[in-house]
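Visitor: Sequence:
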Amino acid sequence: MGREAADRGGVTRREYVKYGGVVAGGGLLAGCTGDDSGKGQSDGSDGSEGGETYTASMAPVGDVEFTAVPESVMVYSLLYADMAVAYGHGESVNSLGFDAETGGNTLDAYYEALDGVAFDREGLAQLNTGSGQLDVGKELFYELNSDLHLVDPCLVLSFDGWESADVDEIERNIGPWFGNTLSRDHAQPPEECREDYEYYTLWEIAQQVAGVFRTEDRFEALAAVHSELLETIESNLPPEEERPTVATVIFMDGTFYPTRSDTPGFANAHVRPLGAPDALAGEEITGGTSYGYETMLEFDPDVLLHEYGIASYYDVGAIAETLADHPVGSQLSAVESGRVYPSGDPVQGPLMNLFQLEMTAKQLYPEVFGEWPEYAAGEPYPEIPAEEQLFDRAEVAEIVTGEA
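Position one of the sequence shown corresponds to residue 1 (the working numbering), numbered consecutively onward.
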């Protein structure tokens with residue numbers, strides 16, 4: 001679909017969405033002109049009534065003004081798809097950054113335990129080419145013709161061929177941006193973004209996205225469940241000297257690709273609150289860091305948490321067997337004690353985070369929170385006996401489906 005056709009097809013609907021460039025003063029990267037005290041909140045007006053507006057705000061784009069809730073939403077990162085579902089707007093998602101089937105499987109692996117909650121990934125566009133390069137073509141934005149790009153424009157600026165003028169063009173011709181993903185690990189933004197970038201926790205991002213969908217009540221209800229879950233965990237943690245050391249890794253072709261679990265960012269929102277010492281503490285770890293068996297044995301964590309372990313890319317059970325069959329890998333304490341576990345997706349939304357906190361609590365402290373059950377690759381999140389569940393599934397399902 002060409003630009004003219006895309007614009008003609010969206011004129012009527014687009015009249016109901018005004019974008020952040022108007023508020024921020026001529027460009028997404030120009031910064032927010034509003035008062036930070038209103039960050040992430042709407043102005044209280046009813047967006048369903050013609051002509052009335054509400055505002056949502058999040059760095060790096062600042063204030064974005066709407067006159068209706070967006071009906072067609074581009075999503076790159078899984079956390080925003082999870083938020084859309086959590087707020088009852090999963091049907092508005094028209095895309096994912098990578099393979100929609102894999103991403104949808106991951107979401108539904110958690111949603112299986114929530115009655116009436118699901119993610120329909122059929123027909124979703126794949127934004128990334130999947131060729132090994134992080135890249136999204138501009139023409140695809142015109143083809144999707146989205147009311148909102150729930151995508152971090154500073155992430156897009158890191159892709160080959162994208163410049164600030166391209167980001168502003170998409171905002172001007174199609175619809176606004178609203179996203180923040182570099183808070184995942186507090187990565188440094190591209191130079192054009194650094195002045196206006198801020199880092200948020202996962203639940204701060206969730207609050208601000210709730211402002212877009214006018215679902216502040218659902219956010220508050222889910223945040224209360226999250227707070228209660230954290231209180232349950234933190235009030236029952238064993239003394240620090242009794243906690244196991246942990247290493248978060250991806251294992252491929254005989255190589256460990258580590259991630260620090262004690263650093264800021266929402267990638268660790270399911271591990272950091274558990275307070276387990278990071279076996280890799282003090283190491284300078286980047287996206288290119290890798291360890292062989294011998295180096296990992298020097299760190300020798302009590303527990304290995306393998307990222308993307310739930311209905312995603314990796315068969316962690318098979319990986320544990322591979323490690324056990326290796327002359328050096330078999331010497332790892334985590335392998336000897338059978339504590340190589342499937343861990344969560346670091347690009348987690350609020351619903352995923354609830355399950356992933358429970359999962360990690362059981363994996364690290366089974367004597368306190370109950371044993372983590374056996375898990376087979378590709379299966380849904382395992383059933384947990386009701387008396388060992390750390391949050392109420394029915395309560396969460398009712399919040400998401402609007403029955404609460």
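Bear in mind the hints are in silico, worked out from the structure with no lab data behind them.
Backbone N, C-alpha and C fix where the C-beta goes; we use that ideal spot for every residue, glycine too.
Do not rely on the hints blindly, as some may be mistaken.
Here are the computed distance ranges between Cβ atoms for each label pair [what the hints assert, rightly or not]:
| no. | residue 1 | residue 2 | range |
| --- | --- | --- | --- |
| 1 | Glu234 | Gln188 | 24 to 32 Å |
| 2 | Glu371 | Glu101 | 40 to 48 Å |
| 3 | Ala377 | Ala404 | 28 to 36 Å |
| 4 | Gly282 | Glu220 | 22 to 30 Å |
| 5 | Ile285 | Val368 | 26 to 34 Å |
| 6 | Pro380 | Asp166 | 21 to 29 Å |
| 7 | Asp217 | Gly123 | 48 to 56 Å |
| 8 | Glu371 | Asp166 | 49 to 57 Å |
| 9 | Glu220 | Glu283 | 18 to 26 Å |
Visitor: Which hints, by number, does the structure contradict?
Guide: 2, 4, 6, 7, 9
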